Amino acid sequence: MDLQSAQRPIEDLLAEYVHCVDDDRLEEWPDFFTEDCLYRIISRENEERNLPMTVMYCDSRGMLKDRIQSLREANVYEHQWYRHMISAVRVVGETEGVFTVHTNYTVFRTTNEGSTTLYNTGKYVDRVVFFEGGPKFIEKSVIFDTTRIPTLLVIPI
Amino acid sequence: MDLQSAQRPIEDLLAEYVHCVDDDRLEEWPDFFTEDCLYRIISRENEERNLPMTVMYCDSRGMLKDRIQSLREANVYEHQWYRHMISAVRVVGETEGVFTVHTNYTVFRTTNEGSTTLYNTGKYVDRVVFFEGGPKFIEKSVIFDTTRIPTLLVIPI
Amino acid sequence: MDLQSAQRPIEDLLAEYVHCVDDDRLEEWPDFFTEDCLYRIISRENEERNLPMTVMYCDSRGMLKDRIQSLREANVYEHQWYRHMISAVRVVGETEGVFTVHTNYTVFRTTNEGSTTLYNTGKYVDRVVFFEGGPKFIEKSVIFDTTRIPTLLVIPI
Chain H
1 MDLQSAQRPI EDLLAEYVHC VDDDRLEEWP DFFTEDCLYR IISRENEERN LPMTVMYCDS
61 RGMLKDRIQS LREANVYEHQ WYRHMISAVR VVGETEGVFT VHTNYTVFRT TNEGSTTLYN
121 TGKYVDRVVF FEGGPKFIEK SVIFDTTRIP TLLVIPI
Chain Y
1 MDLQSAQRPI EDLLAEYVHC VDDDRLEEWP DFFTEDCLYR IISRENEERN LPMTVMYCDS
61 RGMLKDRIQS LREANVYEHQ WYRHMISAVR VVGETEGVFT VHTNYTVFRT TNEGSTTLYN
121 TGKYVDRVVF FEGGPKFIEK SVIFDTTRIP TLLVIPI
Chain B
1 MDLQSAQRPI EDLLAEYVHC VDDDRLEEWP DFFTEDCLYR IISRENEERN LPMTVMYCDS
61 RGMLKDRIQS LREANVYEHQ WYRHMISAVR VVGETEGVFT VHTNYTVFRT TNEGSTTLYN
121 TGKYVDRVVF FEGGPKFIEK SVIFDTTRIP TLLVIPI
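In order, the protein sequences belong to chains H, Y and B.
Those letters in the first sequence? Residues 1 to 157, per my numbering, in order.
Those letters in the second sequence? Residues 1 to 157, per my numbering, in order.
Those letters in the third sequence? Residues 1 to 157, per my numbering, in order.
Hints in this document: simulated from the structure, not taken from any laboratory.
Since the structure is predicted, the reported quantities are computational estimates derived from the model, not experimental observations.
All clues given are correct.
What follows is a list of derived Cβ distance ranges for each label pair: (1) MET53/Y with GLN69/H: 33 to 41 Å; (2) VAL55/B with VAL98/Y: 44 to 52 Å; (3) GLY134/B with MET1/Y: 26 to 34 Å; (4) MET1/B with PRO9/H: 21 to 29 Å; (5) THR54/Y with ARG72/B: 51 to 59 Å; (6) GLN69/Y with SER60/H: 57 to 65 Å; (7) TYR57/Y with ASP66/B: 50 to 58 Å; (8) TYR77/H with ASP66/B: 49 to 57 Å; (9) MET53/Y with GLU96/B: 51 to 59 Å; (10) THR54/Y with GLU35/H: 43 to 51 Å; (11) THR54/Y with GLY62/H: 41 to 49 Å; (12) GLU35/H with ASN112/Y: 54 to 62 Å; (13) LEU51/B with GLU132/H: 57 to 65 Å.
Take a look, some chain B residues computed to stay more than 12 Å from chain Y by CB distance: (14) GLU35; (15) LEU71; (16) TRP81; (17) VAL129; (18) VAL154.
Cβ atoms here follow ideal geometry from the backbone N, Cα and C, with glycine treated the same way.
Make the full structure from the sequences, and use the hints.
Here you go:
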C-alpha cells in the first residue's frame, strides 16, 4: 500500500480514536493498539532533548487496559469530558508496512460546572500497521506543547 | 452509495456549511436543510438523559428562515463573528439512503473589540440525504459540551 | 485538473505548510510559494472594507526569505511555538490553472513557561498552482478575526 492509499483509512482510524475517547468509551480504547505497542505522552521539550521522562508510558495493550481499569475504579478525579480536534494528518513515510503519521491535535476539557477550556495542544507521531480488520497503532507518541497542565492528566489523549 | 463514497461529499457539505455561517451569509443557511428537517441545539447532559430541553429547536426550513429573519431584524445582540473548526468527520451508518455522521466541532467567537474566545465545543450528529443537486441535512443535532454559555446564543452553530 | 482532483493535493499542501511552521523549520517556509508571490496578513475588517493596511506583506519569495532571516537574527522576541489547526478546506474555483481555496485556521501559542493560549483565528484565502513537483501558493492571504493580538506577530501564520 502506498502513502496516498493509506491516507484515508488512517484518517478514519484517527477519527474513530478521538470519538472513542470523547464519548467516554474508554474500554474500547486499547483495541486501537496492537498487542505489543507503545503509548506514551511526552513534552515537546523532553522529546527534542531525547529525555526519557514521560507523563504516561504503556508498552503493551495489557498496560493500556490496566490504566483504564484503574481510572474507572479509582475515580477520584473531577468528572470531565474531552473534545479532541485533529488536523493536518500527514502520512510522512512507510518502512516494511509501518506507516509514520504526523497529526496536530487540540484537546478541550469541560468540567462538571459546564465551562470548557483549552487543555492541551500538540502533535501525534503515530506508527500504524494494516491488518485484515483495518489499521492499528503499534506506537502512538503524544508530544505535547502545554507543559502547564492545570490538573492531573488521567484520561488518555 | 456506500459509506466510503459518501465521506468526501459529506465533508464538503460540512465545510460549506461552516463557511456559510462564518462568512455571515446566514440567508443561505436554511438551504443546507431539506424542507422537512430538524435542527436542534441541545446539551450533552440533556441528550444523554433523553431530556427534551433544547436551546434551539426548528422542525422545518421555514422555521430556520424565520430564525434568521428575526436575528437580522431584532439585531439587539452584540456584533460578533464565529469561526468554526470541524474535525474527525465519521460516516457511521446508512439506512434507506439516510447517512448518519458524527463530527467534532469548536466555535470561536470574536466580538467588536477584536478579542477571540473559545465559545462552544461539541459534536454534530447529522442525518444526510443525497439529492441530484448534492447532499442536504434532514436532521442536524448540535450536542454541546459547554453549558456555561457566556452570552445569548443567537447565531446558529 | 478539476476541483475534486485538486482537493486532496491541496489539503496535503496545507498540512505540510502548517507542520513546517509548527516544527520551526522556517527556512523551508518560502519554498511553499512561487518566486513571484503574495503573502499578506490582514484583518477581516480591513479586507472587507478594502483597506490596504496589512500586518505583514511580502510580494516575492525573496522577501519571505528576508523575513525569516531577520526573525532568526534579531531574535528579540519571546521564545514561542505555534500549533495550527486547519479545517473546512474548500476549493471554491479555478481560473486558468489557478485554484482558489478557503480554509479556516486557528493558531495556539505556547510560550517558554509552557502555557498554551488561543492566539489567532481566521481564514486562509489561497491561490494555488500545480507544478511538476506539486502545488505551490502564488498567493496566501491570512485574513484574521482577532485584532487584539497580545504580542508582536513575528512568526508567519
